[in-house]
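**Q** Those protein sequence lines, which keep their order, are chains H and V. In terms of our numbering, the first sequence is numbered consecutively and its last residue is 176. In terms of our numbering, the second sequence is numbered consecutively and its last residue is 337.
Any given hint could turn out to be false.
[As the list claims (entries may be wrong)] Here are the simulated PhoX-like cross-link-like pairs (lysine-lysine), alpha carbons at most 25 angstroms apart as the crow flies: (1) H:26 with H:36; (2) H:151 with H:99; (3) H:26 with H:171; (4) H:151 with H:26; (5) H:26 with V:321; (6) H:36 with V:293.
Derived from the structure by calculation, the hints contain no laboratory data. Bear in mind that the values here come from a model prediction, so they are computed numbers and not experimental data.
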Amino acid sequence: MWRFLIPAGLFVALLAFFFASLDRDKETLPSPLIGKPAPTFELPALGDPARKVASSQFAGKPYVLNVWGTWCVGCRQEHEVLLEIARRTQVPIVGLNWKDDSAAAQRWLQELGNPYSVVAADEEGRAAIDWGVYGAPETFLVDARGTVIFKHIAPMTLEVWERDFVPLLAKAGVQP
Amino acid sequence: MRDPLRRACGWAGSWAGLGWSGLLSGLLLTLCLSAHAIDTAPAFSDPALQGRYDHLIRELRCVQCRSQSIADSNVGLAADLRREVRELIAAGRSDQEILDYMTDRYGEYILYSPPVKPVTWLLWAAPVLLVLIGGGAAALVIVRKSRLPDEDGAENGSGAA
Numbered sequence: 001m002w003r004f005l006i007p008a009g010l011f012v013a014l015l016a017f018f019f020a021s022l023d024r025d026k027e028t029l030p031s032p033l034i035g036k037p038a039p040t041f042e043l044p045a046l047g048d049p050a051r052k053v054a055s056s057q058f059a060g061k062p063y064v065l066n067v068w069g070t071w072c073v074g075c076r077q078e079h080e081v082l083l084e085i086a087r088r089t090q091v092p093i094v095g096l097n098w099k100d101d102s103a104a105a106q107r108w109l110q111e112l113g114n115p116y117s118v119v120a121a122d123e124e125g126r127a128a129i130d131w132g133v134y135g136a137p138e139t140f141l142v143d144a145r146g147t148v149i150f151k152h153i154a155p156m157t158l159e160v161w162e163r164d165f166v167p168l169l170a171k172a173g174v175q176p
Numbered sequence: 177m178r179d180p181l182r183r184a185c186g187w188a189g190s191w192a193g194l195g196w197s198g199l200l201s202g203l204l205l206t207l208c209l210s211a212h213a214i215d216t217a218p219a220f221s222d223p224a225l226q227g228r229y230d231h232l233i234r235e236l237r238c239v240q241c242r243s244q245s246i247a248d249s250n251v252g253l254a255a256d257l258r259r260e261v262r263e264l265i266a267a268g269r270s271d272q273e274i275l276d277y278m279t280d281r282y283g284e285y286i287l288y289s290p291p292v293k294p295v296t297w298l299l300w301a302a303p304v305l306l307v308l309i310g311g312g313a314a315a316l317v318i319v320r321k322s323r324l325p326d327e328d329g330a331e332n333g334s335g336a337a
């Protein structure tokens, strides 16, 4: 009896494990930055290299950091959503234009609309490495103390905004 | 040297899958896999530093392409991470400091060999455990069989008699 039950049991357990793994998200890597101070950066502003965009400018209030590039299909896909979020919220959306062509990026914002309060141009991709960026679009939420409290990897959707970002902002006592 | 090669590789890629030219381009593509890899010039003139660099970029996973190290990938992020490794070595950082720098940003997933710690004990012990389980099962079967009356031997014996 046992000699059949044990292998059959193991087989069922294996099936259950595989079945549970089907839905598991293997694409999204957990960010080690969550709960840590946001990386600092000082980069030229997109389209105006003389002006600097520094992370210290955002100290004391929460902000959203969105990593994008004109070469990134997902960024095109989420752009409408970012515009809608910018209409809905008081929280500034900071753009990190990652390894992009400055002229193309400016044209993109002129044609599609600009949801960002400010855009930093990270042509060499150094700030992106500090933020642990591995695939655009990525969207971070930083609280008023300068701590990274959330990261969304994939195009933004209004569902993600309402489900993940808004409650975190509300909990931090900020009018989303 | 590299440019014509690159063009040939691009050509081979575009014809892959089309009959005989597909076969030919497939063969060419296998050559290209190694030809395409990485920096044209060595990163350091000092062989000791170059050795550390070669070792480190094989220890780090290309987080964008997943199943390649940053040494094997031409993706933009892999090139950026190689530049980062190069600069950190040049700045006199130790290998461990450089690996820590990367895990601080990307998590332990970026390391090709996972560190030994409670969550990874099972992972590291798995080969030994599997050998023990398999060996144990084999030993059990052998011992049991050897205790059974030797049927084959008995039959053969009677047949010969």
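**Q** Tell me, which hint numbers fail for this structure?
**A** Hint check: 3 and 5 fail, others pass.
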